Structures are given as structure tokens and as C-alpha cells.
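Participant: What follows is each chain in one-letter form.
There are 2 protein chains.
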Amino acid sequence: MTFDWITFVWITKAARPSGRKHHWMRWFLCWAWLASVLALPAQAQLLVKKQRFDMPAFTTQSGVTLPISVGWEAYGTLNATKSNVVLVTHYFSGTSHAAGKYAPTDTQAGYWDAIIGPGKAIDTNIFYVISSDTLANLNAYDPQVITTGPASLNPKTGKPYGLDFPVVTITDFVEVQKALLDSLGIHKLHAVIGPSMGSFQALEWASRYPERVERVAAVIGTGAMDAWTAMRLERWAYPIKADPAWQQGDYYGKRQQPSAGLAVALAYVTQDALHPSGFNQKYAGLSQDVRAHQDIRHDLGVWEQLLASAQSRSQRMDANSLLYLVRASQLWRAGMGDNWQAALAKIRANTLFLPAEGDLLLTPAMANQSYQQLTTANRQYHLLKALSHSMGHLDGIVHIQDAAAQIQRWLHSDAPSLAPANR
Amino acid sequence: MTFDWITFVWITKAARPSGRKHHWMRWFLCWAWLASVLALPAQAQLLVKKQRFDMPAFTTQSGVTLPISVGWEAYGTLNATKSNVVLVTHYFSGTSHAAGKYAPTDTQAGYWDAIIGPGKAIDTNIFYVISSDTLANLNAYDPQVITTGPASLNPKTGKPYGLDFPVVTITDFVEVQKALLDSLGIHKLHAVIGPSMGSFQALEWASRYPERVERVAAVIGTGAMDAWTAMRLERWAYPIKADPAWQQGDYYGKRQQPSAGLAVALAYVTQDALHPSGFNQKYAGLSQDVRAHQDIRHDLGVWEQLLASAQSRSQRMDANSLLYLVRASQLWRAGMGDNWQAALAKIRANTLFLPAEGDLLLTPAMANQSYQQLTTANRQYHLLKALSHSMGHLDGIVHIQDAAAQIQRWLHSDAPSLAPANR
Numbered sequence: 001m002t003f004d005w006i007t008f009v010w011i012t013k014a015a016r017p018s019g020r021k022h023h024w025m026r027w028f029l030c031w032a033w034l035a036s037v038l039a040l041p042a043q044a045q046l047l048v049k050k051q052r053f054d055m056p057a058f059t060t061q062s063g064v065t066l067p068i069s070v071g072w073e074a075y076g077t078l079n080a081t082k083s084n085v086v087l088v089t090h091y092f093s094g095t096s097h098a099a100g101k102y103a104p105t106d107t108q109a110g111y112w113d114a115i116i117g118p119g120k121a122i123d124t125n126i127f128y129v130i131s132s133d134t135l136a137n138l139n140a141y142d143p144q145v146i147t148t149g150p151a152s153l154n155p156k157t158g159k160p161y162g163l164d165f166p167v168v169t170i171t172d173f174v175e176v177q178k179a180l181l182d183s184l185g186i187h188k189l190h191a192v193i194g195p196s197m198g199s200f201q202a203l204e205w206a207s208r209y210p211e212r213v214e215r216v217a218a219v220i221g222t223g224a225m226d227a228w229t230a231m232r233l234e235r236w237a238y239p240i241k242a243d244p245a246w247q248q249g250d251y252y253g254k255r256q257q258p259s260a261g262l263a264v265a266l267a268y269v270t271q272d273a274l275h276p277s278g279f280n281q282k283y284a285g286l287s288q289d290v291r292a293h294q295d296i297r298h299d300l301g302v303w304e305q306l307l308a309s310a311q312s313r314s315q316r317m318d319a320n321s322l323l324y325l326v327r328a329s330q331l332w333r334a335g336m337g338d339n340w341q342a343a344l345a346k347i348r349a350n351t352l353f354l355p356a357e358g359d360l361l362l363t364p365a366m367a368n369q370s371y372q373q374l375t376t377a378n379r380q381y382h383l384l385k386a387l388s389h390s391m392g393h394l395d396g397i398v399h400i401q402d403a404a405a406q407i408q409r410w411l412h413s414d415a416p417s418l419a420p421a422n423r
Numbered sequence: 001m002t003f004d005w006i007t008f009v010w011i012t013k014a015a016r017p018s019g020r021k022h023h024w025m026r027w028f029l030c031w032a033w034l035a036s037v038l039a040l041p042a043q044a045q046l047l048v049k050k051q052r053f054d055m056p057a058f059t060t061q062s063g064v065t066l067p068i069s070v071g072w073e074a075y076g077t078l079n080a081t082k083s084n085v086v087l088v089t090h091y092f093s094g095t096s097h098a099a100g101k102y103a104p105t106d107t108q109a110g111y112w113d114a115i116i117g118p119g120k121a122i123d124t125n126i127f128y129v130i131s132s133d134t135l136a137n138l139n140a141y142d143p144q145v146i147t148t149g150p151a152s153l154n155p156k157t158g159k160p161y162g163l164d165f166p167v168v169t170i171t172d173f174v175e176v177q178k179a180l181l182d183s184l185g186i187h188k189l190h191a192v193i194g195p196s197m198g199s200f201q202a203l204e205w206a207s208r209y210p211e212r213v214e215r216v217a218a219v220i221g222t223g224a225m226d227a228w229t230a231m232r233l234e235r236w237a238y239p240i241k242a243d244p245a246w247q248q249g250d251y252y253g254k255r256q257q258p259s260a261g262l263a264v265a266l267a268y269v270t271q272d273a274l275h276p277s278g279f280n281q282k283y284a285g286l287s288q289d290v291r292a293h294q295d296i297r298h299d300l301g302v303w304e305q306l307l308a309s310a311q312s313r314s315q316r317m318d319a320n321s322l323l324y325l326v327r328a329s330q331l332w333r334a335g336m337g338d339n340w341q342a343a344l345a346k347i348r349a350n351t352l353f354l355p356a357e358g359d360l361l362l363t364p365a366m367a368n369q370s371y372q373q374l375t376t377a378n379r380q381y382h383l384l385k386a387l388s389h390s391m392g393h394l395d396g397i398v399h400i401q402d403a404a405a406q407i408q409r410w411l412h413s414d415a416p417s418l419a420p421a422n423r
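For the record, the sequence lines run as chains P and U.
Under my numbering, read the first sequence as residues 1 to 423, first letter to last.
Under my numbering, read the second sequence as residues 1 to 423, first letter to last.
Read the hints as simulated data drawn from the structure, not as lab findings.
Predicted model only: the values in this text are computed from it and were never measured.
Do not rely on the hints blindly, as some may be mistaken.
To be verified - Straight-line C-alpha distance at most 27 Å; calculated DSS-like pairs for lysine-lysine: (1) U:Lys178 x U:Lys346; (2) U:Lys156 x U:Lys101; (3) U:Lys254 x P:Lys241; (4) P:Lys254 x U:Lys241; (5) P:Lys254 x P:Lys159; (6) P:Lys241 x U:Lys241; (7) U:Lys50 x U:Lys241.
What the hints assert, rightly or not - Pulled a few chain P residues facing chain U out of the computed Cβ check, cut under 8 Å: (8) Phe127; (9) Arg235; (10) Tyr268; (11) Phe279; (12) Tyr283; (13) Leu300; (14) Arg327; (15) Leu331; (16) Gly335; (17) Leu360.
Glycine included, every Cβ here is placed at the ideal spot set by N, Cα and C.
Please build the complete structure, drawing on both the sequences and the hints.
Facilitator: Shown next as C-alpha cells:
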């Protein structure tokens with residue numbers, strides 16, 4: 001509604017200078033605006049509810065069997081043939097809250113609310129959109145997140161797992177989603193789409209279950225991690241491991257919590273997800289740093305700002321979970337074997353790559369490399385477009401609206417012919 | 001001589017296919033090659049000696065007066081009018097060892113040996129090339145480095161300064177160099193050139209003493225630090241500060257030394273100075289990381305390699321000094337005031353910017369921004385060229401040979417008309 005209010009204010013202001021003579025015009029525009037708003041009940045706020053999915057025995061790729069639970073949300077209505085499902089897979093610090101609000105009073109909607117909802121690019125009047133929390137979700141203490149991770153109770157000991165929690169992978173995330181969809185009787189996906197770490201899951205879905213996935217979109221993503229990016233992620237883990245309060249991951253229920261290390265880690269994530277141009281706009285210059293010039297013990301003002309912001313955002317996050325998501329991302333390559341190129345070549349879905357031009361974290365070059373692999377393997381249905389704003393990697397979240405038309409076209413494109421689902 | 005051997009091999013191989021008929025040609029080329037080598041005694045190995053410069057009372061920009069000493073080296077011969085001086089300013093982890101060897105048996109020559117020496121781009125048969133160690137030099141324990149920094153003895157306490165050492169700036173480095181040159185009776189520079197942090201010093205020279213500097217070259221450099229880059233440097237400092245053995249900088253002479261934190265910092269410097277393409281070539285892929293998949297406590301192989309390499313390279317480095325160089329770099333803006341653009345506009349020297357195309361640390365965009373500032377201020381003598389190899393920022397050191405011809409042209413270009421030196 002924000003946009004409509006802006007339009008309204010603009011109309012009334014714009015009409016003013018013309019004075020009394022065109023008084024009728026002002027009223028005409030106002031009524032036209034009101035009529036358009038009233039005629040768009042489909043654009044009304046989406047209200048969503050978190051649901052829960054339990055598996056008494058899930059076996060990870062690393063060979064550990066354990067009970068798991070994840071939260072999930074859905075927007076729209078599942079049709080009779082269960083053929084209108086769009087799976088949305090979330091990013092590193094994200095959750096299943098992709099769109100809508102839990103209550104009309106919520107200050108923020110889900111992260112991709114700009115493109116998911118009635119009448120939007122991923123139209124919930126047409127599609128049944130579903131999203132679930134990953135294992136080891138970073139926001140473990142968010143009351144709207146349900147996840148099994150290092151902060152969860154180990155049934156064998158009755159205490160939180162800590163680092164005894166098994167390493168989990170992108171494939172594990174996909175297998176949990178598949179079990180959830182199976183439980184709902186959904187065996188084919190009209191589409192799967194996700195940003196960043198969500199793109200890994202989307203591509204793994206399309207590669208692992210090519211007969212189930214008709215369309216796949218990798219937003220700010222790649223089909224495989226490289227050594228460079230894996231090392232940048234390692235640097236997110238370091239401040240946590242270096243925090244003495246981390247206590248080798250065994251901090252649950254203790255007085256000392258690794259919140260300082262976690263905040264530093266999150267500050268690094270924030271910087272790495274931004275392009276310098278967006279970052280420099282946001283953070284003031286350095287010229288006021290007189291104290292930092294007078295004493296080496298004083299921090300730069302920019303660092304203080306960045307850290308304060310990270311501290312407030314990390315309140316509901318779990319430090320160990322960040323380590324697990326770093327590892328899951330570091331180990332990512334399609335098919336999780338020695339040949340990610342061959343795994344990507346299995347994809348039969350109509351594929352859309354949407355890198356962000358200024359992305360320094362998962363660069364357009366990485367998306368392009370994956371894209372080339374697909375076009376080599378399969379001559380049709382592979383599109384590569386780029387978002388171009390000033391925020392770098394973050395453009396894939398905050399400026400996704402720029403790609404709304406592309407996403408809509410991809411969603412309504414012809415489905416490739418897939419073999420009947422056999423699982 | 002490497003190049004000459006390659007030429008020799010090429011000549012003999014190239015002559016081969018023509019067979020016996022052109023046997024004379026092979027021998028002719030070989031003799032021609034031998035003659036050219038013998039005719040080039042000027043290309044012989046440059047042997048250099050470290051010298052020492054002492055100032056009993058140097059006052060830093062931050063207002064502290066203290067005795068300082070720095071090491072310096074010179075290559076070539078100072079002419080009678082002292083008008084053939086080229087000052088070379090070193091990078092973050094560098095020293096005054098820009099060219100030559102201390103002994104013929106040294107395995108490595110100075111970092112820019114490819115372009116400094118008899119017959120090379122910066123021809124020591126023509127120029128007197130001089131370079132000095134900065135204050136707070138990172139390689140404080142290298143026997144060939146003389147520097148005053150946090151590891152030096154504070155004459156007031158008889159103990160190492162630690163964090164009581166004053167914050168030092170790029171301008172302080174320039175002022176020490178100026179005092180050294182004054183002591184040698186040198187009052188005009190044919191040119192000043194430096195890579196990375198060395199470019200800051202070079203530009204500060206040309207801005208602060210425009211009447212003394214005829215030519216300035218900023219290699220992989222910028223006229224001002226931005227918030228983004230300052231925060232990336234902050235991340236180099238963090239592992240040191242997070243190391244409990246650092247003890248708030250008061251570790252000198254103690255059993256616990258912050259060598260672990262220092263090695264991590266250096267590993268970060270290494271990654272940030274490289275472009276992903278060069279980095280990924282150097283470090284093996286991730287597919288062998290079975291242990292990292294089996295247990296979160298295991299590190300990735302790439303990280304182990306990167307860290308081991310950093311550990312061995314950090315043996316002669318001082319952790320606190322890294323913090324001081326980070327701060328000096330963070331605070332960098334031409335003129336060290338609130339208007340770096342105006343400070344750059346004071347430059348009258350013939351200016352060469354040499355960014356590296358794949359530089360993600362001090363990006364070509366930053367060099368271009370500084371360059372634009374100069375071209376706005378002064379219509380002549382400003383050139384911008386780019387190095388384009390696969391190593392990113394590091395191209396400015398290891399592939400400087402690519403720019404040898406440009407540097408040579410810049411060095412032999414007309415000098416702008418400068419007012420007589422009045423200091």
C-alpha cells in the first residue's frame with residue numbers, strides 16, 4: 001500500500017497548482033485512485049502462518065540418523081492436481097518467511113514479498129508457493145523459526161548437540177524439503193527458485209530430481225563453490241571460533257555466550273553481501289575519525305556503526321548454526337560429488353540464472369560458468385539475466401522487483417517434457 | 001637472465017626445422033645472442049646494501065615527538081646536480097628492498113627487480129633510485145629492516161612501545177623520506193613511484209610538495225581510502241586483536257606471542273591481494289574435503305594450505321605493526337584533511353595511474369576516481385593505464401614487468417614546469 005499512498009499524495013499535490021479552475025480534475029484523480037485501490041482486493045496483504053514438519057528419523061549425507069523438525073509456510077492454494085507448486089528456498093541468513101506477514105501489524109513482510117503474492121510475479125492467485133526453514137537455520141531463537149541444528153537437544157544426551165551435530169549439506173536441505181512435499185502428496189514442482197544459498201538448493205533439486213522439476217531459477221547463485229569463495233566464508237566463521245565465550249561450541253545454557261564473535265561475523269556477512277558503491281553510500285566517510293588518529297585503541301566510526309547494526313540483528317541468531325551454514329555452503333557443488341558439471345548437465349528444467357552485476361560474493365562469473373555448463377549439456381531453456389543495482393549480492397533480495405517481469409515470463413514459459421515422476 | 005635463456009632456446013629450436021641448409025643461420029643467431037648478452041654487462045646483478053637514517057626528534061602528525069630510525073637502499077649513482085632521483089615507496093607488507101640482492105647467493109631479489117636496475121625500465125645507469133623502510137614496518141624482525149614502531153624501545157620507559165606508539169600516517173612516512181632526502185641534499189625528485197600503500201605515499205609527496213615532484217606514479221593505488229576498503233582492512237586487524245596471546249599489544253618479551261592471529265591476518269591479506277581466478281588456480285578444489293564433511297571440527301584443506309603459507313611468511317613480522325599499518329592505510333586521504341580532492345588538485349607532476357584490472361582491494365574504480373579528480377584540476381600530463389593479468393592487486397608487484405614500457409615512457413616524458421624548490 002505504500003506505493004498507493006505515495007500515488008495519492010502525488011495526485012493531490014500535483015493537482016493543487018492548477019487552482020480552482022481544475023478543481024474537478026483533482027477530485028477526478030482522487031476518485032480514480034480510490035476506485036483502482038478498491039478494484040484490487042487481490043493486492044491485499046498476504047497473511048501467513050508458520051507450520052511444522054517433523055521427521056522422526058532423517059539420515060544426513062554424512063550418515064547420521066536423527067529426528068528433525070522444520071518450519072514451513074505456504075501462500076496461495078494447492079490445486080486439485082497438485083500441479084501448481086512453486087518451492088522457494090531461502091538464503092544463508094534467511095528463513096521460510098519468503099512473503100506476507102504473520103499479523104497486519106508486522107513492520108516487515110517476508111524477504112521476497114515484492115514478487116510473491118496475489119497479482120505479483122509469483123502470483124499466489126495461480127500458484128501454491130511453499131518454503132521451509134533449513135536445518136541449522138541461523139535464526140534458531142526466532143519464535144517464527146523451527147529448525148533442528150546444533151542448538152537443538154540431542155535426544156541421546158538430553159543436552160544441545162553443539163559441535164556433535166552432524167555436518168549438514170545443501171543436499172540434506174533438499175531431502176528434507178522433498179520429504180515435506182511427499183507428505184503433502186506433491187510429486188512435481190512447477191518451479192523451484194531461491195536466492196544465494198537458496199539457489200544452491202534450487203539447482204540441487206533440478207539436478208537430483210530432474211523428472212520432478214519443470215523450472216528452476218538460481219538468483220545470485222552458482223552450481224558450485226570455488227576455493228576463493230569458500231575461504232571468504234571461512235572468514236565469517238573465524239570471529240566466532242576466536243571468541244573465548246564460544247568454548248568450542250559448548251556454550252548453551254552457560255553464562256558466557258559468543259555474542260561478540262557472532263556480531264563480528266554478521267558484520268562481515270553484511271559487508272560481503274554489498275557492493276562498495278552501496279556500502280559507501282550507507283556508511284559515512286572517514287574524515288571525522290580524529291580519535292582513531294589520536295589513539296590506535298580507538299575504532300573507526302564506520303566499524304562502530306557496522307558492528308552496532310550487526311549486534312542488534314544477531315539477537316535471535318545462534319553462533320554454531322552460522323558455522324554449520326558456512327560449512328554447508330563451502331561444500332556446495334551440484335550433485336555433491338567430484339563432477340558438478342555432470343550433475344548440472346542432468347537438469348532438464350527450464351532454467352533461469354539471475355546474477356547481480358555488482359555481486360562480489362557469488363559473482364556473475366560464477367553464475368555464467370554454471371550457465372555455460374547447462375547450455376553445453378542441453379541446448380534449450382537456459383536464460384541468463386543480470387540484476388543491476390548498487391547493492392551487489394543483496395540486489396538479489398532487496399531489488400528482486402527489478403526482475404519481476406523476467407521471473408513472471410519464466411514461470412509462464414512452456415514446461416520441458418519430463419519423464420513421469422517415478423519417486 | 002631468464003629471458004635471455006628463453007630467447008636462446010627459442011632461437012636454437014626455431015632454427016632447427018630449416019635443416020642443414022640453414023645451419024649457418026642457427027649459428028649466426030646463437031652468436032648474435034651471445035654477443036648481445038656479452039655486450040650487456042649493465043644487465044648484471046645489482047648488489048645493494050642497507051643503510052640507516054636516524055632522526056633524534058621526529059614529530060608525528062598526531063603530535064608526538066620521538067627518536068626514529070629507518071633503513072634505506074639506493075641503486076645507481078646520484079648525479080652532480082642531484083636531479084636524477086627516483087623515490088620508490090613500498091607497499092603494506094613490503095620494505096625498502098625494491099631491487100637487487102644483498103648477496104649474489106640470495107634466492108630472491110627486491111620486489112620490483114623486474115623494472116629497477118641497469119638497462120631496465122627504471123634504469124639505474126641513468127637514475128639514482130632510493131627507497132626507505134616506513135615507520136612501523138611490518139617486517140620488524142627482518143635483519144635487513146630498520147624501522148621505529150610499536151616493537152621499538154620507548155626511551156621514556158626502556159620497554160617496547162606496544163600500543164603507546166603514536167598512530168602514524170602516510171604523511172608521516174613522507175615526512176621521514178623528506179628528511180632523509182634533505183640529509184642527502186636532494187630537493188627535487190625526477191619521479192616518485194610506489195605500489196599500493198606506496199602509491200599513497202607517492203601521491204602525498206606530489207600533493208604536499210608539488211614544487212619538488214616532477215613525475216608521480218600510483219601503481220594499484222588511490223588518492224583516498226573509502227569506507228568499504230577501510231572496513232576490509234579492519235578485518236586484517238581483527239584476528240590479531242582476537243588472539244588472547246596479543247594481550248592488548250603488550251606481548252613483547254613474553255612467552256605468549258600473537259603468532260596465530262598474525263598468521264590468520266596475513267592469510268587474509270594474501271587472499272584480498274589476489275583475484276579469484278589467480279587464487280583458484282593456486283589452491284586446489286574442494287572435492288577432496290571428506291573430513292570437513294564428516295566433522296565440523298575439521299578445517300577445509302584450502303584453509304590449511306593458506307594458513308600454513310601465511311605462518312611461514314609471518315616469522316619476521318610484528319603483529320602490532322600490522323595494526324599500525326592498517327590504521328595508516330585506513331586514515332589515508334591525500335592531504336590528510338577533509339578535502340582529498342582539493343589536495344590532489346595541487347599536484348603538478350606528470351602523473352601515471354596504473355591500476356590492475358582484476359584488483360578487488362584497491363579497485364580500478366578508485367584509481368579512476370582519483371584520476372578524474374586530477375584531470376578536472378589540471379588538464380595535462382595525466383595518464384591512466386591498467387595492468388591486466390590474473391592476480392588482481394598483486395599484479396602491481398608480480399606482473400609489473402607488463403607495464404615496463406609505460407613506466408619507461410612516463411619517466412622520460414617532459415617535466416612539467418614547477419616553481420623552484422622553496423623548501
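Participant: Checking each numbered hint in turn, tell me which of them this model violates, lowest number first.
Facilitator: Failing hints, ascending: 2, 7, 8 and 16.
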